[in-house]
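**Student:** Chains as they are written, first to last, in the numbering used here: chain A, 1 to 117; chain B, 1001 to 1117.
Hints were generated in silico from the structure; no laboratory data involved. All residues carry an ideal CB built from backbone N, CA and C; glycine is no exception. Some hints could be false.
Unchecked claim - Take a look, some chain A residues computed to stay more than 10 Å from chain B by CB distance: (1) SER7; (2) GLN14; (3) ILE18; (4) LYS42; (5) VAL54; (6) SER55; (7) ARG61; (8) PHE62; (9) PRO82; (10) GLY83; (11) ASP84; (12) THR114; (13) PRO117.
To be verified - Residues on chain A that point at chain B, a partial pick, calculated with CB under 8 Å: (14) PRO44; (15) LEU46; (16) SER69; (17) LYS104; (18) LEU105; (19) PHE107; (20) GLY108.
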Amino acid sequence: QQQVKQSPQSLIVQKGGISIINCAYENTAFDYFPWYQQFPGKGPALLIAIRPDVSEKKEGRFTISFNKSAKQFSLHIMDSQPGDSATYFCAAPDPNAGGTSYGKLTFGQGTILTVHP
Amino acid sequence: GAVVSQHPSWVICKSGTSVKIECRSLDFQATTMFWYRQFPKQSLMLMATSNEGSKATYEQGVEKDKFLINHASLTLSTLTVTSAHPEDSSFYICSARDWGLANNEQFFGPGTRLTVL
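Construct the complete structure from the given sequences, taking the supplied hints into account.
**Tutor:** Encoded structure:
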């Protein structure tokens, strides 16, 4: 079974600061590593995802950095805003995700981000 | 982006009754849908993988006779919680994969809050 370890559990930053969340996985069946953002009482929404043929992907203020050899990837939120306050989940493909379970993801434990104004 | 809906958004029921939750992909076809359960301040735990026209694949420890899954069409999967008990109270979230896309992105529904009295 896939283990995905996410850290830190909670993070407090000031407005304008950089938020960094890390994720480590064990094995994978396919190469797709997403980050999801979840607000209270809502379903998760895809924030940004990366395929490991590149080491970094940037979309606006959000950047994923990927280290395939270390089996780690991280989310950087630049110029953090109070509206970014949410829970963030990384996910990694389940190494046994084949056949009828293709696409199955294992989620990290989540990071509660609070951005103070 | 692709839209996934869930109905109802919240439900309160008495212990011993059954509750059905619907998950629909509104603008794409989904051969695979996933059902998750999320307890407060915890991560998403995959319950089962639902494939159109075939039996669902349940994760270890999930009772298939208690959580009945039906994926009768390419746009609809249902989860029925049978003989619900207070410990089944949770946030149930579905996601769907667009079979027309080469990547493995999952689109999440808004979730259903189940409270069993």
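**Student:** Any hints from earlier that this structure breaks? Give me their numbers in increasing order, please.
**Tutor:** 4 and 16
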